[in-house]
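Participant: Residue strings, one per chain:
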Amino acid sequence: MDLIRKFGASVLVTVGRMGVMGLFLVKTVLYTVVPPVKIGRVIKQIHFIGFQSLVVILLTGCFSGMVLGFQGYYSLSRFGSDAFLGPMIGLSLIKELGPVLTALMVTGRAGSAITAEIGIMRISEQIDALELMGLNPYRYLVVPNFLAAMISLPLLTAIFDVVGIFGGYLIGVKLLGVGIGTYFGEMSSYVATKDILEGLYKSLSFGILINWVCCFKGYYTSIFTGFGAEGVSKATTQAVVLSSVLILVWDYFMTGLLY
Amino acid sequence: MIRIEDLHKSFNGNAVLKGVSFEIAKGEVIALIGGSGEGKSVLLKHIAGLMKPDKGRVLVDGNDIASSRGKYLNELRAKLGFLFQGGALFDSMTVFENVAFPLKEKTRSGKREIRDRVLKELSNVGLSGSEDRFPSQISGGMVKRAALARALVVDPEIMLFDEPTTGLDPLIGLSILRLISSIHRELGFTGVIVTHEVPRVFDIVDKVAFLREGKVFAYDEPEKFMASTKPEVKEFLAGSLGRPDPEGPAIFQPCAHPQIDFGH
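As given, the protein sequences belong to chains W and E, one line each in that order. In the working numbering, each residue's number is its place in the first sequence (first place is 1) plus 60. In the working numbering, each residue's number is its place in the second sequence (first place is 1) plus 206.
Hint data in this document are derived by calculation from the structure and do not stem from the laboratory. Take the hints with a grain of salt, since some may be wrong.
Below, computed lysine-lysine pairings styled on DSSO-like, alpha-carbon distance capped at 30 angstroms [unchecked claim]:
id	chain 1	residue 1	chain 2	residue 2
1	E	285	E	232
2	E	224	E	430
3	E	224	W	104
4	W	87	E	312
5	E	258	E	421
6	E	413	W	98
7	E	310	W	98
8	E	413	E	224
9	E	232	W	87
10	E	317	W	104
11	E	312	W	98
12	W	104	E	258
13	W	87	W	98
14	W	98	E	285
15	E	285	E	413
16	E	232	W	66
17	E	310	W	104
18	E	421	E	440
19	E	440	E	285
20	E	232	E	436
21	E	261	W	87
Label pairs and their computed distance ranges (CB to CB) [said to hold, decoys possible]:
id	chain 1	residue 1	chain 2	residue 2	range
22	E	268	W	318	56 to 62 angstroms
23	W	256	E	342	43 to 49 angstroms
24	E	342	W	70	56 to 62 angstroms
25	W	317	E	316	39 to 45 angstroms
26	W	116	E	229	56 to 62 angstroms
27	E	311	W	317	38 to 44 angstroms
28	W	70	E	216	20 to 26 angstroms
29	W	317	E	402	55 to 61 angstroms
30	E	346	W	68	43 to 49 angstroms
31	W	290	E	214	29 to 35 angstroms
A quick note: this is a predicted structure, and the numbers were derived from the prediction, not measured. Every residue gets a Cβ at the ideal spot worked out from N, C-alpha and C, and that includes glycine.
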């Protein structure tokens with residue numbers, strides 16, 4: 061009976077926290093659409109989330125494209141279809157790998173930092189200080205990250221796709237001998253605007269998701285994950301894990317919806 | 207100016223405040239003292255509107271801060287300044303930027319006006335020359351002074367101090383208390399000081415509120431409080447003055463330095 065009671069209590073706690081998380085998203089969206097917006101902080105966060113993620117996106121994109129070049133050629137050449145290497149790489153990156161891998165890289169790099177920053181502000185009472193000054197912590201801490209992520213993720217995804225396609229070109233054309241005209245010509249025949257938009261819709265939604273989870277975990281650090289440095293550490297770990305899992309789960313639903 | 211009415215607060219079924227009631231007149235500074243875990247900081251955060259009570263009211267100028275929301279809550283908070291125990295300075299900003307922050311965000315003052323105001327406040331708290339340092343680059347006492355400057359820069363009517371001297375050496379702690387006293391003389395704010403600095407804080411306050419078992423056990427002027435015959439008060443004072451036996455001699459001399467005349 062005690063086990064059932066404990067299980068019931070933990071379910072109630074989990075559902076309660078999901079409710080708090082849902083309300084957090086609602087408040088974030090509300091304070092985003094209702095002015096004023098701290099434009100200076102948005103620009104600063106675009107620099108942090110977007111610009112400072114460029115190197116990791118360039119590297120990941122390039123090597124992802126190169127791996128796709130090898131694996132794609134290996135698979136397609138078995139069926140005598142290596143001419144379709146270009147569309148295969150293009151569609152894989154633009155519709156799927158670009159948005160997902162970009163989101164995962166940004167989660168690890170920027171998302172964890174955002175959680176840690178807001179979490180430390182929470183445990184050192186800096187958020188309380190903001191509230192006591194009559195200022196809205198959402199407008200200072202959450203909304204700028206929200207807008208910055210929505211702007212940065214699609215742009216980073218586009219860069220990832222371009223660099224990935226170039227990586228595939230290096231391997232497929234330069235190394236494995238697929239014709240350059242074949243590579244790019246077939247790609248333009250098979251990659252439609254709809255495919256590009258699908259990738260961008262995914263990246264936009266991933267940006268919202270990353271910000272929602274990472275800011276929430278930081279904001280509620282001492283309440284849900286404990287106090288002090290350990291609380292911040294737990295919040296950061298949970299933010300990265302939850303964001304990553306939700307990206308993959310949401311990717312499935314988006315793919316089904318846009319299919 | 208501040209009236210607490212039958213305040214109750216529990217955390218996870220553990221009752222911390224069990225019916226706290228008292229009143230602070232305009233311009234008065236009181237010390238909120240008591241043993242560890244008695245709820246002093248919890249009570250202070252209720253006055254600031256950072257916590258909501260389970261029962262009871264916290265009236266600031268006749269308005270219940272506990273039930274206020276949005277614009278009304280911000281209007282009440284505009285009268286408040288709060289000195290957090292750890293300072294709560296924004297650690298990615300310099301001392302100057304921290305003190306200027308409320309002026310930039312809450313007023314329409316120009317850059318020059320803000321600069322002049324910030325430098326004046328920093329000078330008042332003895333931090334001239336430290337404007338460009340970050341909180342991690344200054345000592346604990348300097349952090350408290352910078353946080354005090356930030357709280358005072360918007361001319362609050364009410365100042366709340368959460369253990370302003372905790373973690374500081376005795377000399378620096380004394381200088382903080384002296385600073386609070388001199389600024390109070392200049393600005394005339396209503397103040398609440400949560401502190402363990404007993405009896406040093408008695409020299410700078412008008413009244414002492416002693417929290418015990420979730421209620422205000424005694425609320426008196428410092429002289430009357432020190433002369434109280436209640437065993438609980440005597441026991442607390444004995445612990446503060448280093449006397450294991452309330453009737454016996456002190457283990458140490460609490461006033462190894464001359465008494466400071468704060469001019470009251």
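Participant: Now tell me if each hint is right for this structure.
Facilitator: Here is how each hint holds up against the structure:
no.	hint	result
1	E:285 - E:232	holds, 12 angstroms
2	E:224 - E:430	holds, 25 angstroms
3	E:224 - W:104	violated, 47 angstroms
4	W:87 - E:312	holds, 22 angstroms
5	E:258 - E:421	holds, 17 angstroms
6	E:413 - W:98	violated, 43 angstroms
7	E:310 - W:98	holds, 13 angstroms
8	E:413 - E:224	holds, 21 angstroms
9	E:232 - W:87	violated, 37 angstroms
10	E:317 - W:104	holds, 21 angstroms
11	E:312 - W:98	holds, 14 angstroms
12	W:104 - E:258	violated, 34 angstroms
13	W:87 - W:98	holds, 16 angstroms
14	W:98 - E:285	holds, 24 angstroms
15	E:285 - E:413	holds, 21 angstroms
16	E:232 - W:66	violated, 50 angstroms
17	E:310 - W:104	holds, 18 angstroms
18	E:421 - E:440	holds, 17 angstroms
19	E:440 - E:285	violated, 36 angstroms
20	E:232 - E:436	holds, 28 angstroms
21	E:261 - W:87	holds, 27 angstroms
22	E:268 - W:318: 56 to 62 angstroms	holds, 58 angstroms
23	W:256 - E:342: 43 to 49 angstroms	holds, 46 angstroms
24	E:342 - W:70: 56 to 62 angstroms	violated, 39 angstroms
25	W:317 - E:316: 39 to 45 angstroms	violated, 52 angstroms
26	W:116 - E:229: 56 to 62 angstroms	holds, 59 angstroms
27	E:311 - W:317: 38 to 44 angstroms	holds, 41 angstroms
28	W:70 - E:216: 20 to 26 angstroms	holds, 22 angstroms
29	W:317 - E:402: 55 to 61 angstroms	holds, 60 angstroms
30	E:346 - W:68: 43 to 49 angstroms	holds, 46 angstroms
31	W:290 - E:214: 29 to 35 angstroms	holds, 31 angstroms
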